[in-house]
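Chains as they are written, first to last, in numbering that gives the first Met the number 0: chain A, 0 to 194; chain B, 0 to 391.
Hints are computed from structural coordinates only; laboratory data are not their basis.
This structure is a prediction, so every number in the text was calculated from the model and none was measured.
Treat the hints with care, as some may be off.
Straight-line distance between alpha carbons at most 30 angstroms, and here's what the computed DSBU-like set of lysine-lysine pairs gives [stated by the list, open to error]: (1) A:Lys98 with B:Lys294; (2) A:Lys108 with B:Lys229; (3) B:Lys346 with A:Lys108; (4) B:Lys293 with A:Lys98; (5) A:Lys98 with B:Lys308; (6) A:Lys98 with B:Lys310; (7) A:Lys108 with B:Lys149; (8) A:Lys189 with B:Lys148; (9) B:Lys273 with A:Lys108; (10) B:Lys125 with A:Lys34; (11) A:Lys34 with B:Lys293; (12) A:Lys108 with B:Lys70; (13) A:Lys98 with B:Lys330; (14) B:Lys244 with B:Lys293; (15) A:Lys98 with B:Lys323; (16) B:Lys273 with B:Lys229; (17) B:Lys308 with A:Lys108; (18) B:Lys149 with A:Lys189; (19) A:Lys34 with B:Lys323; (20) A:Lys108 with B:Lys310; (21) B:Lys244 with B:Lys294; (22) B:Lys149 with A:Lys98; (23) A:Lys98 with B:Lys197; (24) B:Lys273 with A:Lys98; (25) A:Lys189 with A:Lys98; (26) B:Lys308 with B:Lys81; (27) B:Lys148 with B:Lys70; (28) A:Lys108 with B:Lys293; (29) B:Lys125 with B:Lys70; (30) B:Lys273 with A:Lys34; (31) B:Lys81 with B:Lys148; (32) B:Lys148 with A:Lys108; (33) A:Lys34 with B:Lys308.
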Amino acid sequence: MEMRFVWQHLYLVGVACVFTTIIGLVLGATAYIFKFVRPTILWVVDIMQTIPVLALLGIIMIAFGATSTTVIIGIVLYSLLPVVRNTYTGLENIDPGIKEAAKGMGMTKLQRLFRVELPLSFPIVFTGIRIAVVTSIGTAVFGAVVGGGGLGSTISRAILIQDMTTLMQATLTLMAMAIIFDFGMGYVEKRLNAR
Amino acid sequence: MVSVFLENENDAIDREELYMIVYENVSKKYNDVTVVDNLSLTINDGEFVVLIGPSGCGKTTTLKLINKLIKMDEGTISIDDKNIMNIDAVELRRKIGYVIQQIGLFPNMTIEENISVVPKLLKWSKEKCHQRVCELLELVNMPYEENAKKYPNELSGGQQQRIGVLRALAGEPPIILMDEPFGALDPITRENLQDELKVLQKKLHKTIIFVTHDMDEAVNMADKIVFMSKGKVLQVASPEEMLNKPADPIISNFLGKLSFSPNGNDLTCADVMKKKVLIVPETKKTLECVALMKKRELNSAVVVDVNDKFKGAVTIENIREHGKPGEMISKILDTQIETVMITTNAKEAFDKLIETKADYLVVLDRDKTVAGIITGSSMTKALASVVWGEEN
Ligand SMILES: Nc1ncnc2c1ncn2[C@@H]1O[C@H](COP(=O)(O)OP(=O)(O)OP(=O)(O)O)[C@@H](O)[C@H]1O
Ligand SMILES: [Mg+2]
């Protein structure tokens, strides 16, 4: 098994998760602030997850070809749900007393969002990001189909040439990755919640 | 005439101006239910006005109309002769302090940051914000060094609400709205905060509109009580007047419900005494004792011996005149203080208070420890139930 593919995999997941976080926060906050787009946003991110990954990648490939861009977009769309949902829920569930105080003191909507509401919902948002990262590690495996590289390619080649050793190695590496991120970020989450 | 809402902070807080709040025929409906019904009311500059009435009568709604947290359907409210409809809501709120029952301190900010929220919104300089925080913490005897860097969850409920009040005062607003600010606190903390707020208001000359459904609290604090029922104002009067001449059976009923006993004559000292008393051991040095009194804004203290048994009292004047620095207060103790037992009938105690022309009586427990004091204002407190007693 070549290490190159491990790094490639991590790269796909990393880049995708940066975008997932940014887009997820924006969509979640938009759903919170603007009542009229709320159902649409929550519905769309929900639906996104019901589309099979392979079909989703196929559709994106029509526009972006068999590149890593296609894989990254696929991962982002597929892992948005937890970040959007948690951002929205986190903002929605802030103590109404705190919200009312912020409003009554003369903060504008954006000041309230950035100075009070987002900082307070950050622990919940972070949980969403953790779930997104762990899901992405699995989703990225499908990237091999559209030529995105990563451990998906290692696995599909190993299956083709019936190389059991490499197959096991790649699978275990993927599992280890997911577990490490899950635990590591889970630890940070505990610290955040303890505050 | 200079408006409250000028850009320049110095002009805005010029106390020469009158910040009268005038409600004219204000109504608010939710669906088809009228919760504020054609309400007209004038609140004068520097006045401590308490809105009181049964739950759901529209107190909170009436209050929140002022800072536009709720929009009225009909009528006008003007502050300083300016219709609030013509003032931007965000600008308006920065000029009106707001304190709520849930306190609502921002848990992600330190005490200092919490207090400086409005000054920062008003774009005060860093130094000015810092100075303001120090000055405000001083006002409530919470030293800057000990408290400013703490987070709200490290403070007690009473301390948190003190900060809530300071945060409302921080931008030097001429008007402060308070919606049951002490409702969630235990009775003793509550009484302390009431006294502190009263002192603050006298000192700072703010217009305060305070919502409560506790008649004791209203009587304790108000210059003017506004009694509401079903969205209408039933009576506007001073505390004494309202207790003596309630304008409506609903009001006398409400006063009655708050009484301690079914009959005014059955009240004992325990029911009417103030529990907030400064008690010092007789071995305390004079200067320490003065410092304690100053901190609590009291001018006298009750003195006890090592076993907590009542010995006498000292006043600040007394220490100033006769005390020498470093001397124990037992030397200058006034032992000729009138006392009553905690089980004594309240009427008897009041008679004694009037007869002896004393400022206060010390209430003792059976074991001669100090339970509280009875002052003139304890009598007002008791009046509520006496009114009720007459009704029957
Ligand atoms: N957003 C709302 N929608 C519908 N009805 C409301 C709303 N807010 C308040 N009400 C109703 O308006 C009436 C007055 O409410 P308000 O909060 O002003 O009462 P209050 O005097 O402050 O009562 P409390 O002492 O319980 O705080 C109540 O009957 C309440 O149920
Ligand atoms: Mg209310």
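Results for each hint:
{"no.": "1", "hint": "A:Lys98 with B:Lys294", "verdict": "34 angstroms, violated"}
{"no.": "2", "hint": "A:Lys108 with B:Lys229", "verdict": "33 angstroms, violated"}
{"no.": "3", "hint": "B:Lys346 with A:Lys108", "verdict": "57 angstroms, violated"}
{"no.": "4", "hint": "B:Lys293 with A:Lys98", "verdict": "37 angstroms, violated"}
{"no.": "5", "hint": "A:Lys98 with B:Lys308", "verdict": "50 angstroms, violated"}
{"no.": "6", "hint": "A:Lys98 with B:Lys310", "verdict": "51 angstroms, violated"}
{"no.": "7", "hint": "A:Lys108 with B:Lys149", "verdict": "27 angstroms, holds"}
{"no.": "8", "hint": "A:Lys189 with B:Lys148", "verdict": "23 angstroms, holds"}
{"no.": "9", "hint": "B:Lys273 with A:Lys108", "verdict": "45 angstroms, violated"}
{"no.": "10", "hint": "B:Lys125 with A:Lys34", "verdict": "37 angstroms, violated"}
{"no.": "11", "hint": "A:Lys34 with B:Lys293", "verdict": "54 angstroms, violated"}
{"no.": "12", "hint": "A:Lys108 with B:Lys70", "verdict": "17 angstroms, holds"}
{"no.": "13", "hint": "A:Lys98 with B:Lys330", "verdict": "56 angstroms, violated"}
{"no.": "14", "hint": "B:Lys244 with B:Lys293", "verdict": "38 angstroms, violated"}
{"no.": "15", "hint": "A:Lys98 with B:Lys323", "verdict": "54 angstroms, violated"}
{"no.": "16", "hint": "B:Lys273 with B:Lys229", "verdict": "33 angstroms, violated"}
{"no.": "17", "hint": "B:Lys308 with A:Lys108", "verdict": "59 angstroms, violated"}
{"no.": "18", "hint": "B:Lys149 with A:Lys189", "verdict": "21 angstroms, holds"}
{"no.": "19", "hint": "A:Lys34 with B:Lys323", "verdict": "71 angstroms, violated"}
{"no.": "20", "hint": "A:Lys108 with B:Lys310", "verdict": "60 angstroms, violated"}
{"no.": "21", "hint": "B:Lys244 with B:Lys294", "verdict": "38 angstroms, violated"}
{"no.": "22", "hint": "B:Lys149 with A:Lys98", "verdict": "21 angstroms, holds"}
{"no.": "23", "hint": "A:Lys98 with B:Lys197", "verdict": "28 angstroms, holds"}
{"no.": "24", "hint": "B:Lys273 with A:Lys98", "verdict": "36 angstroms, violated"}
{"no.": "25", "hint": "A:Lys189 with A:Lys98", "verdict": "25 angstroms, holds"}
{"no.": "26", "hint": "B:Lys308 with B:Lys81", "verdict": "59 angstroms, violated"}
{"no.": "27", "hint": "B:Lys148 with B:Lys70", "verdict": "37 angstroms, violated"}
{"no.": "28", "hint": "A:Lys108 with B:Lys293", "verdict": "43 angstroms, violated"}
{"no.": "29", "hint": "B:Lys125 with B:Lys70", "verdict": "35 angstroms, violated"}
{"no.": "30", "hint": "B:Lys273 with A:Lys34", "verdict": "51 angstroms, violated"}
{"no.": "31", "hint": "B:Lys81 with B:Lys148", "verdict": "39 angstroms, violated"}
{"no.": "32", "hint": "B:Lys148 with A:Lys108", "verdict": "27 angstroms, holds"}
{"no.": "33", "hint": "A:Lys34 with B:Lys308", "verdict": "65 angstroms, violated"}
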